[in-house]
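Enquirer: Next come the chains, spelled out residue by residue.
Protein chains: 2
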Amino acid sequence: MDSFAAWMGGVQARVESALERQLPSANIAPMRLHAAMRYAVLGGGKRVRPLLVFAAGESGAPGAPIDATRLDIAACALECIHAYSLVHDDMPCMDDDVLRRGKPTVHVEYDEATALLVGDSLQSLAFRLLADHRLAADATIQLEMVNILAHASGSRGMAGGQAIDLDSVGKPLSLPELEMMHVHKTGALIRAAVALGARCAGARDKEQLQHLEHYAKCVGLAFQVVDDILDCEAPTATLGKTAGKDAAQGKPTYVSVVGLARAKEMAHELQADAVRALGKLPGNTSRLRELAEFVVLRRF
Amino acid sequence: MDSFAAWMGGVQARVESALERQLPSANIAPMRLHAAMRYAVLGGGKRVRPLLVFAAGESGAPGAPIDATRLDIAACALECIHAYSLVHDDMPCMDDDVLRRGKPTVHVEYDEATALLVGDSLQSLAFRLLADHRLAADATIQLEMVNILAHASGSRGMAGGQAIDLDSVGKPLSLPELEMMHVHKTGALIRAAVALGARCAGARDKEQLQHLEHYAKCVGLAFQVVDDILDCEAPTATLGKTAGKDAAQGKPTYVSVVGLARAKEMAHELQADAVRALGKLPGNTSRLRELAEFVVLRRF
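Protein chains in written order, with this note's numbering: chain Y, 1 to 300; chain G, 1001 to 1300.
Some, not all, of what chain Y presents toward chain G, calculated at C-beta under 7 Å:
hint	residue
1	132
2	139
3	159
Each pair of labels, with its calculated beta carbon distance range:
hint	chain 1	residue 1	chain 2	residue 2	range
4	G	1174	Y	27	17 to 27 Å
5	G	1009	Y	280	55 to 65 Å
6	G	1101	Y	10	49 to 59 Å
7	G	1096	Y	279	48 to 58 Å
8	G	1028	Y	104	33 to 43 Å
Note that these hints are calculated values from the structure, not bench results.
Beta carbons: idealized from backbone N, C-alpha and C, even for Gly.
Construct the entire structure; sequences and hints are all you get.
Expert: The structure is reproduced here in structure tokens:
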């Protein structure tokens, strides 16, 4: 088995290449919109959600051969949703940020109207990808995948988490309230990544899918806790986005709510909880375990 | 058979009631977002796309009983996409409009960030509706419906039409260029309405679906031509949105490109072309014929 770093590099490279193919060419009209969509998605990011798709795919159906082209498509759909949410979040009426992945944000590089349409179009593209390719032996499972992604993206998932985030600016949140926000804002899409990867690989057992769901919930929260720690500790250059912004905007973070030391403990506890859930699965869960560790130990 | 007016009122009422049920309750968190989603969708609009869904549904499978609850869901999905596009289009970075269906636009009544999230969440909800309900005997057909709606909404459909629209402000467009813009901007969703309605009703014959597609293309263009005529002729109070805005913003319209008299002729020619396509269909196309007439003769 490849080292984790080699596996991660391999998945990142193949997903980048799949995104290159699945995004509309910048030579097709409307060209400026298509160029901006590619700018928003390509050449950046840790691709955490695709990594979760592939890791869950490897754990999904013990013994069965893995169809990586299916995982590519699910990973692309998740990255389209993730990228759209970043483009819209960075807009002046939301976080008003000018830097993302070390580059000017879309509304700065292009304009606000284009940024709005880029986000809208990337969301449509995500669902198109899930419907236009064969991702499961049974079309009913594939409809379930569309349903999972739509629920994770919408008002009861990611977009709803953003709304809770907006309402929370300048308010003291309790830890459960902060958790509720992140379970939606970043957690929903991370859970969807694991759920889609497992289903691409043919996982059907309800109990197994529930253990995976619990793993994903813990990793999603850990991811956010670590994001808050890095936002407070890492310099902007390392982060690729404006550091210390949440605190400056009066947004509640794990660090502001429980303090830096406790936030670090929590990240490790969530990692341990995630790994415990993997112990109940029959398949090969080593990549999922390594990913949980990576999410907590990462430095960017 | 009911009169067209009675049929139209009946469809509008049942779709309003279906939307009431399918939109998240304003009592469920995040409450402000859900209230704003309901504000954006409920209690207004001609419901042209739902009318096309139902009319196409009635023409779809001659002799077969029509499952109106399927048509309800497809109609709701289309209205969610349509309403999201209006909310985003009205935002300051796009058309910057304050009035829609006689009410303050969402970003005026709520705020810009909420308007952004309302649009995003309504798009997700549209795909959720198509995946979460049984709309066709065969799940493969239902995936095709997801694909049709995603394509119609995205960068090669509605959102792409918006991008072409943005690029065209202040530029003299030729008639083919103007048509290309509208085939995407409003036409794509109107074609999707007809395509989804027919598929809900079990239509499978390729040639028939192509005739329906041609009908929908003509009706979509006629709809836009008439919109441009009304924008130049009708007062704001009748229109429910700011009249004369396109001309004031230097946007090319059918009236500005071909003149008022020729635009009126074109609307009638497109109606005749649409009705000719219906002549090649075996099912009951009377509602589709009446709708084509309604689109051209409407006064609001």
